[in-house]
Amino acid sequence: MNLLGNILYDTIYHSTPIILAVLGGLFAYKANVLNIGLEGMIVMGAFSSSLSILLFGNFYLGMIIAVACTLIVGLIFSLFSITLKSNFIITGFGLNILVAAIGTFTLKFMKLSNINLSQIINVNDMKVAIPVVDGIPILSSILSNHTIITYVAFLLIAVVYVVLYKTRFGIHLRVVGENEEAAKSVGLKSDMLKYSSILIGAVLCALAGINLSAERMALYTDNMVAGRGFIAIAAIYCGKAHPVKSSIYAILFGLARSLAINLGLYAGPISGLFDMIPYIMIVLVLLFVSSMESKKTRLRGFRNA
Amino acid sequence: MKTEKMMRSLLGILIPVLSAFLLGAVLILAIGEDPITTYRIMIEKSLFDPEGILKTLHLASPLILTGLAIAITFKANIFNMGVEGGAVLGGFFTGVAGFSLTGLSPIVHVTICLIVGMVTGMIYALVPAILKAYFKVDEMVVTLMLNYAVVVLVKYLSQGVFRDPASGYVATYAISDTAMFNKMFGSNLTMFFFISITVFVILYVVFKKTKLGYEITAIGKNPEFAEAMGMKVSTNIIRIMLISGALSGLAGAGYLMSEKYRFTLDFSGNPGLGWDGMLIALLGSHNPVGVLIASVFYAALKTGSEYIGIYTNVPKDIVAIIQGILILFLSAKFIFERLKIAGKIKSEAVKEGGKA
Amino acid sequence: ACGTKAPETKDMGVALITSAAGPNDNGYNASAIKGLEKVKKDLGLEYRVVESSDVPGSLAELAKAGYKLIFSLEYNFDALINGVGGGKPIAEQYPDTTFVIFNDNPNVKADGSVKHKNVISVLFDVHQSSFLAGALSVLVNENAATLFDSTKYSFTSGDEGRKLGFFGGTKSNGITVFGYGYAEGANYEAAKLGVKYSYISDYNVGFSDSAAGATKANTYYSDGVNIIYSVAGAVGDGVTSKAKEVKKLAIEVDANKDANLPGYILTSVLKNTEVPVYTISEKYKTGKMADVTGKVISYDLGSKATGITDLATIEAAVQASGKAKWEEIKKEITDVAAKIAAGTIKVTNAQAGESFDKAKLTNVMMPND
Amino acid sequence: MYKIETVNLVKKFGEFTANDNISIGIRKGEITAIVGENGAGKTTLMNMLYGLLQPTSGKILIDDKEVQLKSPVDAIANGIGMVHQHFKLVPSLTVYENIMLGTEITKDVSFGGKKLKSLFVDNAKEKEEVRKIIDYYKFDLNPEDKVENISIGAKQRIEILKMLYRNVDILIFDEPTAVLTPQEVDELLESFRELKKQGKTIILITHKLREVMEVSDSVIVIKQGKIIGAKETKDTNAYEIATMMVGRQVVENVNLNRNASGKAKVIYELRNIGTESQPGKKCLQNISLKIHEGEILGIAGVEGNGQSELVKVITGLMESTEGQIFLDGHEVTNLWPKEIRKSGIGIIPEDRYAQGLCVDMTLDDNFIAGHHDNTEYSNRGFLKFKEIEKISTSLIDKYDIRISERTANVSSLSGGNAQKIIIAREFESNPSLLIASQPTRGVDIGSIEFIHSKILELRQRNKGILLISSELSEIMNLSDRIAVMYKGHIIGVVDANKTTATELGLLMAGITRNVADVLEDKDEN
Ligand SMILES: Nc1ncnc2c1ncn2[C@@H]1O[C@H](COP(=O)(O)OP(=O)(O)OP(=O)(O)O)[C@@H](O)[C@H]1O
Ligand SMILES: Nc1ncnc2c1ncn2[C@@H]1O[C@H](COP(=O)(O)OP(=O)(O)OP(=O)(O)O)[C@@H](O)[C@H]1O
Ligand SMILES: [Mg+2]
Ligand SMILES: [Mg+2]
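Residue numbers (the numbering used here), protein chains in the order written: chain A, 1 to 305; chain B, 306 to 661; chain C, 662 to 1030; chain D, 1031 to 1555.
Because the hints were derived from the structure by calculation, they are not lab data.
Wrong hints could be hidden among the right ones.
Said to hold, decoys possible - To give an idea of the chain D side of the interface with chain B (calculated C-beta under 7 Å), a few residues: (1) Pro1367; (2) Arg1371; (3) Gln1385; (4) Cys1388; (5) His1402; (6) Gly1411; (7) Phe1412; (8) Lys1416.
Claimed, not checked - Listed next, the in silico DMTMM-like pairs over lysine to aspartate or glutamate satisfying Cα-Cα at most 25 Å (straight line): (9) Lys949(C) / Asp715(C); (10) Lys108(A) / Asp339(B); (11) Lys295(A) / Glu1178(D); (12) Lys1320(D) / Glu1333(D); (13) Lys813(C) / Glu976(C); (14) Lys526(B) / Glu181(A); (15) Lys460(B) / Glu976(C); (16) Lys607(B) / Asp339(B); (17) Lys725(C) / Glu338(B); (18) Lys514(B) / Asp1403(D); (19) Lys965(C) / Glu989(C); (20) Lys1311(D) / Glu293(A); (21) Lys441(B) / Glu1178(D); (22) Lys108(A) / Asp715(C); (23) Lys1261(D) / Asp1216(D); (24) Lys1118(D) / Glu1217(D); (25) Lys1162(D) / Asp1216(D); (26) Lys1312(D) / Glu1178(D); (27) Lys1185(D) / Glu1159(D); (28) Lys701(C) / Asp339(B); (29) Lys1100(D) / Glu178(A); (30) Lys729(C) / Asp354(B); (31) Lys166(A) / Glu1158(D); (32) Lys526(B) / Asp1381(D); (33) Lys166(A) / Glu1159(D); (34) Lys621(B) / Glu338(B); (35) Lys516(B) / Asp1394(D); (36) Lys111(A) / Asp703(C); (37) Lys513(B) / Asp1403(D); (38) Lys1368(D) / Asp1381(D); (39) Lys166(A) / Asp1152(D); (40) Lys991(C) / Asp810(C).
From a predicted model like this one, the values you see are computed outputs, not experimental measurements.
Don't be surprised by glycine CBs; every beta carbon is placed ideally from N, CA and C.
Just need the whole structure built from these sequences, with the hints factored in.
Right, here's the structure in full:
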């Protein structure tokens, strides 16, 4: 493959789990709950899918179990943050620590250094060639041969948009986030809506985890999620939780990462610094966007959102 | 009134702690170990053994600082996640100052190192501060991103120009003896603990007694009001972030000079001084005394878990699991108010609240 | 019994502090623990394995608790050997305990004499085994079409494919010692064959983000690299799974991991901590510690503690028509090993502080080292 | 028989009794006004009727049946709707979406002959539905406007429609006119009459006795949590009600020795000030004003014609893009609030909960805001708590601020009392220039009297006052000169002694003097 093709293909590859976490996380964000637990949810998705595929030998069963386990994490998060009115940032951090520790402990208990599924899953079989695109030279190398969840992730951007802005549920959810008093005054069940927003997030994070581990690499290792949940939170913030805008930030991040990796090959000794690109780029883009925006207003000072 | 309130907050902490330990006990039993022995060692060694308690206080020293660094920004409603980066960067450059300067007297060298750490932290914090104060860029995203960038940067530097080539792993040179905090009473405790306590006292006074503390609170609660009342929010954001940066840099500096002595890639540990500090600030509800208590508690857990590994067969990860459960339970402060038993205390307290 | 100077406690036996990777790393640590298990079975010695985030603290506490032989697999020697913060070195505080450290020898004074009698340094000559891996890589790469079934593998051929990849977790002597040995081995065979290779390295892949490792590997493989050698913990597993995906080869490290993905792992460069752990524990049990204390013990190719695997797993993937060539290659590797042992071939040992000059490599270019 | 009735209703906040044995009856199809001083307990009472607060004891009856109102949802189900001062609207949604919130119409899909509900909202049908109800009640609203872009009056109409759409027949209004323009007030009162015709029962809380006299059928007076009087409106008058409420005679303060000569020293001057709300979109243009010593300059205008922006610019919360401002001859253009306050300007902001107060802090903290630098309150960066407490206690007394305990947060104060904190803070700093924006909004008549007298006293001491108010009578009673704003301009400056309400009204509508002269003869009242 040519370099450009590689960069673009990898962009999609790296964006996928972040997009899923972004889409999952923004429901909660819209409902005014900052879900710091995204990271833990992705870990749970990756870990539980890989472990159950290892135990039962079936990818789809693994997917189902992973979704179920991640939903449990989501339920715990909701129970504490909504029903018990906890400080949900602490709850999220607590869950992140807990899930990671459970993963490490289980691996240790099973005397495994990682979960290697390559005997069960052939990564190449997970890729889907798209018939129409497949003929076109460059496009095929970029768009074709991704995994199902990758395609699902990109489709979900549109789906989430429709759900949030065109359905009853979406309207109610946004209202709960924007003005909970207003929601309650017309009898919306704000707690229920918040629960569901978190649980939707859990399902999508489970997919992110599965994509990251079993589907793309047939492998789970400790720490493999490596902060993607936090990156997703950053993307949600940057795009103000708009499904399309936030996803664009996720893709931007994927692009930056792909650039860093692909160009690092030619960078010589300073390639070590290339890993900074994604983070610095997000900051610069934000700076640009914010300064454009702040130029628009003559108002001074800060307001609480 | 006071006692009722204290009872309430005591219960609010005790119940989650006990429940977390109970759940942990179930887990320990499940893997065929003895929870009582485990907990006994954990508590005895971290709090009731002279050497252990000193070690706990030693480990609490940087946490007090990172906790305060975050508390001060959270109080002003600045969602600063950059304390981790500040501590790492501060530690790194303190390390550089610690080995590259020679022939100084200990007092001078130690002072220089501490200043280097603080200044590094301040410069680092200045970036998100300026971006927020003058361009209204979301500080949470910036600080989060910069943390990741710092990790890459110090990795690059510590395996590049500042690397100790004699070392088989990635590390900068060890700092000279003149830059080290000496161990006291034959324990791990050093001067650093007393520095942290001094900083705590200063911040306590700042929070409770000063104009600055007042402005921080006002900005945190209603920035528009604060601005209209002439508190110059942007200047204050920068001021607060600089203090936070100095504290985080100091935490890194002190930790390096009292514990690590050279910069390594795992310098800050896992999850890291800054992240621990974030939880500590949250658990201590952004209040200096709360931060102090939470730091010591957290450090005791750390010390205790080290001893568990040596005296029992309970794997370390169990401690991490208990810690996760604990944090989870502590997050729900109101948990006990929902229990029927506590109903009485609550109604009493409400009555009292109205009277005072 | 806390705090007060403990009266001579009973001998608690052997303890081992793992490195940060933990006991289940399927390599470095796991292999040492295997040694302890064997010690227990054969010699009846009790042992304790400790995961520590405060190595000096654990060393002191274990010594205080009565362990007389303590292995420490983590790089963290300052407090043990030199003392920090005005404290005495731990080795000096507990003279009755023997401390065994790995991969480095900080226990020497400037004049070359030993600092502490109760410290043993264990070194592995992994530069030598990496040399073998480098030689093997070039030989296999040159003959890939002969050796492997082209329907099952897709190697890049010709000059495009004369590239070797190296992934290191960090850039340190402990890692470059592998990489430089590997480059020299490759150079040795390339020179013999009169071909030019490039050696592309990345010393920043870390030890845990296997996902990132896999994508980096992907860029290497699609750039024409046919074999990637990774010395990067779990990242290596990401690389091997990518090797399988793109139908090329990877080289693993520490333990014998050839069977993890049979046919896609060319070999594993061994760093077998089991051997020193067993040997030293045996000395301890039999009261012959004086043989080893204060010494530096180096394990070279002959010791079996380092080397490459017996290649049996990859051999199964060699097609019938390539068997003859394969035997030839194996023979060559055996010869090279013998030459190293005999000192005819000298390999740079970066870990021992020997400097490495990439300009001296005639047939291997190292553009980004 | 009453439509709604309370029996011995009591509400306590801790030890403090906000409502003390309230028994009232509201007749069906009538408009009942409830009046009383700030902090008398009106809002508390209404909140109980709407299910927002639970009574400590006592009963609520609707159509003679006792009801339990645990939440607003219960109240609405029982036919009670309330329009709050703080609107419960969602700014990012449209008018129709807000009205339909919670009762959305979804697109139905036919499936095998059966109709199934889908998840998707049928926007077209919702719009149609909302348009119908808007037309029925003859309201001026566009269903498709976004709520964040519409006027306060329109927002209020949405709230009313929201309730009407849910078929309530009792409507409670808590100070609905406080933030409306005079024109909007008239429209609202007209709507009340319309609603009454439709058979709705209305409860109206207001501090404006003109409105009470104009629309109500009966009036109930509350004082310190107790009912102290209930009358048929036709049997009483504003004067009597005021006296009942305050317990003494209330006078209307009027500036008696107006001086529009402009001969005194100029202490504050705006020269051609302008700014924009968005790039290229001017919201202020060419504002030139002078304030002399001992002068009250009133700014009148229909809300939304740039008054808010003007106040923001001169108080440092917004940047001006053109022009200059001088205080005592020194330029103070585009200074930040800090410097502006230091230069001796006192500010009563328009939005008290955004800029004037921090509701989550205590009274003490709010008193010292902006003056915490003064040596009176702090010394080398340390706050003097003893002094602060002393001063705060004396201010509570002097300004008659009703609060259950001094250390409570401002959030527990009624609106009028909250406003008095600002008044106290700003007057005590003894400013040389006072910018007072809507100083008496939501304040009871007794307090209005007090605040007005304070403003006049300041004038007496030769200070300058810029008074911005949507309450025309306030402007006319106090000002020496009156400037009228229209579409970001000063459309005219008139001598308060010589002008009339009609002239001002025309100017506010954008009709300039010449035209006004012609029309002047025709007018009267
Ligand atoms: N949540 C609360 N906690 C404590 N005290 C309260 C609370 N809400 C109201 N109060 C007190 O109850 C009294 C009545 O308040 P309420 O808001 O009913 O007055 P109001 O008649 O509506 O006044 P205004 O005319 O200023 O709106 C006030 O003294 C107020 O301080
Ligand atoms: N942000 C504001 N700035 C200026 N005046 C305000 C503001 N909000 C409310 N007011 C005025 O203050 C008065 C008292 O406010 P208060 O909080 O008591 O409202 P309320 O009567 O309790 O209404 P509700 O019960 O709907 O909350 C209101 O009548 C209104 O005119
Ligand atoms: Mg009220
Ligand atoms: Mg009110």
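Hints, one by one, checked against the model:
Using the Cβ-Cβ criterion of 7 Å, the hint placing Pro1367(D) at the interface with chain B is satisfied: the shortest such distance is roughly 5 Å. About 4 Å separates the beta-carbon of Arg1371(D) from the nearest beta-carbon of chain B, less than 7 Å, and the hint is met. Hint status for Gln1385(D): holds, given a least beta-carbon distance of 4 Å to chain B, under 7 Å. At its closest, the beta carbon of Cys1388(D) sits 4 Å from a beta carbon of chain B; the interface hint therefore holds under the 7 Å criterion.
Checking His1402(D) against chain B by beta carbon gives a least distance of about 5 Å; that is within 7 Å, so the hint holds. The beta carbon of Gly1411(D) comes within 5 Å of a beta carbon in chain B, closer than 7 Å, and the hint placing it at the interface holds. Restraint check, Phe1412(D) versus chain B: the minimum CB separation of about 5 Å is within 7 Å; hint holds. Proximity of Lys1416(D) to chain B is violated relative to the hint, the smallest CB-CB distance being about 12 Å (cut-off 7 Å).
With a C-alpha separation of about 30 Å, the suggested pair Lys949(C) and Asp715(C) falls outside the 25 Å cut-off, and the hint is violated. Proximity of Lys108(A) to Asp339(B) is assessed by CA-CA distance (about 19 Å); at most 25 Å being required, the pair is judged to hold. In summary, the hint linking Lys295(A) to Glu1178(D) is supported, as the alpha carbons are separated by about 21 Å, within the 25 Å threshold. Of the supplied pair hints, the one linking Lys1320(D) and Glu1333(D) holds, its CA atoms being roughly 22 Å apart against a limit of 25 Å.
About 14 Å separates the Cα atoms of Lys813(C) and Glu976(C), which keeps this hinted pair within 25 Å; it holds. The suggested pairing of Lys526(B) with Glu181(A) holds, with an alpha-carbon distance near 20 Å, which does not exceed 25 Å. A C-alpha spacing of about 39 Å is found between Lys460(B) and Glu976(C), which places the hinted pair above 25 Å, so the restraint is violated. Among the hinted pairs, Lys607(B) with Asp339(B) is consistent with the structure: their alpha-carbon atoms are about 20 Å apart, no more than 25 Å.
Taken as a hint, the Lys725(C) and Glu338(B) pair is honoured in the structure, with Cα atoms around 23 Å apart against an allowance of 25 Å. Pair hint Lys514(B) plus Asp1403(D) holds up; C-alpha atoms about 13 Å apart against a cutoff of 25 Å. Our distance criterion of 25 Å between C-alpha atoms is met by Lys965(C) and Glu989(C), whose separation comes to about 23 Å. A threshold of 25 Å between alpha carbons decides the hint, and for Lys1311(D) with Glu293(A) the separation of about 15 Å falls inside it, so the pair holds.
Between Lys441(B) and Glu1178(D) the CA atoms are separated by roughly 22 Å; this keeps the pair inside 25 Å, and the hint holds. Between Lys108(A) and Asp715(C), the direct Cα distance comes to roughly 20 Å. Compliance with the 25 Å bound is thereby established for this hinted pair. The suggested pairing of Lys1261(D) with Asp1216(D) holds, with an alpha-carbon distance near 24 Å, which does not exceed 25 Å. Proximity of Lys1118(D) to Glu1217(D) is assessed by CA-CA distance (about 21 Å); at most 25 Å being required, the pair is judged to hold.
Proposed proximity of Lys1162(D) and Asp1216(D) is supported: the alpha carbons are some 23 Å apart, at most 25 Å. Restraint check for Lys1312(D) and Glu1178(D): satisfied, since their Cα atoms lie roughly 19 Å apart, inside the 25 Å limit. With a C-alpha separation of about 18 Å, the suggested pairing of Lys1185(D) with Glu1159(D) holds against the 25 Å cut-off. For the hint pairing Lys701(C) with Asp339(B), the CA-to-CA distance comes to about 24 Å; that is within 25 Å, so the pair holds.
With a CA separation close to 24 Å, the supplied pair Lys1100(D) and Glu178(A) stays within the 25 Å bound. The straight-line distance between the Cα atoms of Lys729(C) and Asp354(B) is roughly 23 Å, inside the 25 Å bound, and the hint therefore holds. In summary, the hint linking Lys166(A) to Glu1158(D) is supported, as the alpha carbons are separated by about 17 Å, within the 25 Å threshold. Of the pairs offered as hints, the one joining Lys526(B) and Asp1381(D) holds, with about 16 Å between alpha carbons and a cut-off of 25 Å not exceeded.
For the hint pairing Lys166(A) with Glu1159(D), the CA-to-CA distance comes to about 18 Å; that is within 25 Å, so the pair holds. Simply put, Lys621(B) and Glu338(B) have alpha-carbon atoms about 13 Å apart, close enough for the 25 Å limit, and the pair holds. In summary, the hint linking Lys516(B) to Asp1394(D) is supported, as the alpha carbons are separated by about 13 Å, within the 25 Å threshold. With a C-alpha separation of about 22 Å, the suggested pairing of Lys111(A) with Asp703(C) holds against the 25 Å cut-off.
Distance check on the hinted pair: Lys513(B) and Asp1403(D) sit about 16 Å apart at the alpha-carbon level, within 25 Å; holds. This hinted pair checks out: Lys1368(D) and Asp1381(D) have alpha carbons roughly 18 Å apart, not beyond 25 Å. A hinted pair counts as satisfied when its Cα atoms are at most 25 Å apart, and Lys166(A) with Asp1152(D) qualifies at roughly 9 Å. For a cut-off of 25 Å, the pair hint linking Lys991(C) to Asp810(C) stands: about 19 Å separates their Cα positions.
Going down the numbered hints, you'll see the structure goes against 8, 9, 15, while the others check out.
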